[in-house]
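**Student:** Sequence:
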Amino acid sequence: MTETILITGASGFLGKRIVRFLQRTSDAYLLTTSRQQESFPNHLVRDLSEATAELTANVDTVIHFAGLASHKKGSEDEFHEANVTNTINVAKAAMESNVKRFIFISTTDVHGTESQLPLTEASPLKPKGAYAQSKLAAEEALRALCKDSEMNLIILRLPLIYHIDAVNEFGQYVQIVKENRPLPLDRINNQRTLLALRNFESALNAVLYQPEIQNETMIIADNMSLSTTEMMKGIAVAAVTTIKLFYAPKLLAKTAMKFTGKTAFFDTFWGDYQVSSQYAQKLLKWQPSDDYVVNLSK
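All residue numbers for the sequence shown refer to our numbering, where the first residue is 722 and numbers rise by one.
Bear in mind the hints are in silico, worked out from the structure with no lab data behind them.
Cβ atoms here follow ideal geometry from the backbone N, Cα and C, with glycine treated the same way.
Among these hints, one or two may not hold up.
As the list claims (entries may be wrong) - Using 25 Å as the maximum straight-line C-alpha spacing, the simulated SDA-like pairs for lysine to any residue come out as follows:
#1 Lys794 with Asn810
#2 Lys965 with Ala985
#3 Lys813 with Leu874
#4 Lys821 with Tyr750
#5 Lys793 with Asn779
#6 Lys849 with Gly795
#7 Lys847 with Lys965
#8 Lys737 with Phe761
#9 Lys899 with Arg738
#10 Lys847 with His792
#11 Lys849 with Leu972
Unchecked claim - Between beta-carbon pairs, the in silico distance windows are:
#12 Ser796 with Tyr750: 36 to 46 Å
#13 Arg902 with Gln757: 31 to 41 Å
#14 Glu937 with Asp886: 24 to 34 Å
#15 Thr806 with Arg908: 41 to 51 Å
#16 Lys965 with Gly992: 33 to 43 Å
#17 Gly795 with Gly982: 12 to 22 Å
#18 Asp798 with Leu846: 19 to 29 Å
#19 Gly795 with Val766: 16 to 26 Å
#20 Glu937 with Asp1011: 17 to 27 Å
#21 Gln758 with Gln995: 39 to 49 Å
#22 Gln995 with Arg908: 12 to 22 Å
#23 Asp988 with Lys794: 12 to 22 Å
Whole structure, please, built from the sequences with the hints as guidance.
**Tutor:** Structure, rendered in structure tokens:
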């Protein structure tokens, strides 16, 4: 692959990991950008609210990670500015520079949690919260912008990415386990689909090497689903620590969480959340590995 790739948000956990992945596995000429200095070659410190064609000059593909993440605090306006306005600024600059392909990293949260499971690309769009709403707004704005252009728009919707070093909601789970406090999370039989970091790397690689795939929206996810209990035990193994779980009846846990204002915590740890990546697997001729489910450190 002898193209030039611009990666935005290169200081974030996911952006930084993908830069290193592509440095190891491709011949692409990499440009990176973020709001802070990094040691990557060809790194630009830029505020994307002021993105111009200078940023995307001679670039073939933009992979857009930059934005305000779901685990960060922010107002609706702040999420919109970071995830919608800045995204469109970069996309417009890319179009002006005749960039061939724009890969936007979105989230399966745009589907909400009330639709029939497993969620697919055809599931209703019911985003909850400022983060998911901003990601859907960005998707819609990008489609409108690219509708009559030659720039190929690829949207990748991801569930929660996991890795022992993740800096996201999963990273918060890792910290909870490392605190070694008793947790009421034993014998929970829910099913949650996540995405191993290595599986995302391989899926993105499949996208990059197949330029004939044009203007698609795809869910990228693991094949296997985990219960909360399995997930927390897996984290403990990867973190080389013990874990103290005890059983709390679901109704009792729900009532306790409601009275303590932690309903979202209950929904996350006791609820089901399954998504399907079958469409992406067929289109990309890509298969996620199940090996990473039992080894979160890969």
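**Student:** None of the hints should be skipped; say for each whether it holds.
**Tutor:** Here is how each hint holds up against the structure:
1. Between the alpha carbons of Lys794 and Asn810 the distance comes to roughly 23 Å, so the proposed pair stays at or under 25 Å and holds.
2. Distance restraint check for Lys965 and Ala985: the Cα-Cα separation of roughly 22 Å lies within the 25 Å cut-off, and the hinted pair is therefore satisfied.
3. Restraint check for Lys813 and Leu874: the C-alpha separation of about 12 Å stays at or below 25 Å, so the hint holds.
4. Between the alpha carbons of Lys821 and Tyr750 the distance comes to roughly 15 Å, so the proposed pair stays at or under 25 Å and holds.
5. Note on Lys793 and Asn779: the hinted pairing is violated, with a Cα-Cα distance of about 33 Å set against a maximum of 25 Å.
6. As the CA atoms of Lys849 and Gly795 are separated by approximately 14 Å, the hinted pair is consistent with the 25 Å bound.
7. This hinted pair does not check out: Lys847 and Lys965 have alpha carbons roughly 36 Å apart, beyond 25 Å.
8. Using a Cα cut-off of 25 Å, the hinted pair Lys737 and Phe761 holds, with the two alpha carbons roughly 9 Å apart.
9. Of the pairs offered as hints, the one joining Lys899 and Arg738 holds, with about 23 Å between alpha carbons and a cut-off of 25 Å not exceeded.
10. As the CA atoms of Lys847 and His792 are separated by approximately 19 Å, the hinted pair is consistent with the 25 Å bound.
11. Taken as a hint, the Lys849 and Leu972 pair is honoured in the structure, with Cα atoms around 24 Å apart against an allowance of 25 Å.
12. In this structure the supplied range 36 to 46 Å holds for Ser796 paired with Tyr750, their Cβ-Cβ distance being about 38 Å.
13. Between Arg902 and Gln757 the beta carbon distance is about 33 Å. The supplied range of 31 to 41 Å therefore holds.
14. Distance hint check for Glu937 and Asp886: the Cβ-Cβ separation is about 30 Å, which falls inside the suggested range of 24 to 34 Å.
15. For the pair Thr806 and Arg908, the supplied restraint of 41 to 51 Å holds, since their beta-carbon distance comes to about 45 Å.
16. A beta carbon spacing of about 23 Å between Lys965 and Gly992 contradicts the range 33 to 43 Å that was offered as a hint.
17. Judged by the Cβ atoms, the range 12 to 22 Å given for Gly795 and Gly982 holds: they are separated by roughly 20 Å.
18. The hint said 19 to 29 Å for the Cβ distance between Asp798 and Leu846, and at roughly 21 Å that hint holds.
19. In this structure the hint that Gly795 and Val766 lie 16 to 26 Å apart at CB holds, the actual value being about 22 Å.
20. At roughly 25 Å, the beta-carbon separation of Glu937 and Asp1011 lies within the given 17 to 27 Å, and the hint holds.
21. Between Gln758 and Gln995 the C-beta distance comes to about 40 Å, which sits within the given range of 39 to 49 Å.
22. Restraint check, Gln995 to Arg908: a C-beta distance of roughly 19 Å satisfies the suggested window 12 to 22 Å.
23. Hint check: Asp988 to Lys794, Cβ distance near 19 Å, so the stated range 12 to 22 Å holds.
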